[in-house]
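Participant: Chains as they are written, first to last, in my numbering: chain A, 1 to 113; chain B, 1 to 111.
What the hints contain is simulated information worked out from the structure, not anything from laboratory work. Note that the Cβ used here is the ideal one computed from N, Cα and C, for glycine as well. Keep in mind that the hints are not guaranteed to be accurate.
Label-pair distances were calculated between CB atoms; the ranges are [said to hold, decoys possible]:
# : chain 1 : residue 1 : chain 2 : residue 2 : range
1 : B       : N56       : A       : S27       : 39 to 45 Å
2 : B       : E15       : A       : G3        : 27 to 33 Å
3 : A       : R63       : B       : N18       : 44 to 50 Å
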Amino acid sequence: KAGVTQTPRYLIKTRGQQVTLSCSPISGHRSVSWYQQTPGQGLQFLFEYFSETQRNKGNFPGRFSGRQFSNSRSEMNVSTLELGDSALYLCASSLQTGYNEQFFGPGTRLTVL
Amino acid sequence: GIQVEQSPPDLILQEGANSTLRCNFSDSVNNLQWFHQNPWGQLINLFYIPSGTKQNGRLSATTVATERYSLLYISSSQTTDSGVYFCAVERRETSGSRLTFGEGTQLTVNP
Numbered sequence: 001k002a003g004v005t006q007t008p009r010y011l012i013k014t015r016g017q018q019v020t021l022s023c024s025p026i027s028g029h030r031s032v033s034w035y036q037q038t039p040g041q042g043l044q045f046l047f048e049y050f051s052e053t054q055r056n057k058g059n060f061p062g063r064f065s066g067r068q069f070s071n072s073r074s075e076m077n078v079s080t081l082e083l084g085d086s087a088l089y090l091c092a093s094s095l096q097t098g099y100n101e102q103f104f105g106p107g108t109r110l111t112v113l
Numbered sequence: 001g002i003q004v005e006q007s008p009p010d011l012i013l014q015e016g017a018n019s020t021l022r023c024n025f026s027d028s029v030n031n032l033q034w035f036h037q038n039p040w041g042q043l044i045n046l047f048y049i050p051s052g053t054k055q056n057g058r059l060s061a062t063t064v065a066t067e068r069y070s071l072l073y074i075s076s077s078q079t080t081d082s083g084v085y086f087c088a089v090e091r092r093e094t095s096g097s098r099l100t101f102g103e104g105t106q107l108t109v110n111p
């Protein structure tokens, strides 16, 4: 069974631009979560989607948004990029929402110049 | 929110040595996972262990939920074990899921 896939793997943007990252979960998994990893803040939860609905949200500004499609694939969008948004963005999938083992994709490394 | 503390922050070993990594958490949890982050950044699942003991080859883990800690044991370490080990927990939420991560233990295994 294929694992979680994320595209693109690397991205370079400039301040003020916007970016969209994509995540395809493991087949049969319906929950997708997004995390941001930076050297200063570590791994932080962004949001979780299940059945096309946002079920949980972390403490990030409204510039960070996401959505989930009927096939469980998810996208996250960051508008008006700031230098501090440079990070590794990790997507995780699980069978259901709540207390299920989460499996992570390889990540998208975003650099904002 | 829940606090997750991992110790030690850094660990340097010679190949063949054994080690114990610890994860303390500040509240009751319904999910606890251990991950190994590879050099390319991907988090590799080691254990899903909200309670009890599990073993997988040279690795084993124990979670004592009532005392709010988990231990990851690595025996006969190899250079390929190097990397960052993360503990992540999930407590009961009103809705949805959320893993809270510790700061990680940076393990270096020298030949």
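Participant: Hint by hint, say whether it matches the structure.
Facilitator: Comparing the hints with the structure gives:
no.: 1; hint: N56(B) to S27(A): 39 to 45 Å; verdict: 24 Å, violated
no.: 2; hint: E15(B) to G3(A): 27 to 33 Å; verdict: 29 Å, holds
no.: 3; hint: R63(A) to N18(B): 44 to 50 Å; verdict: 46 Å, holds
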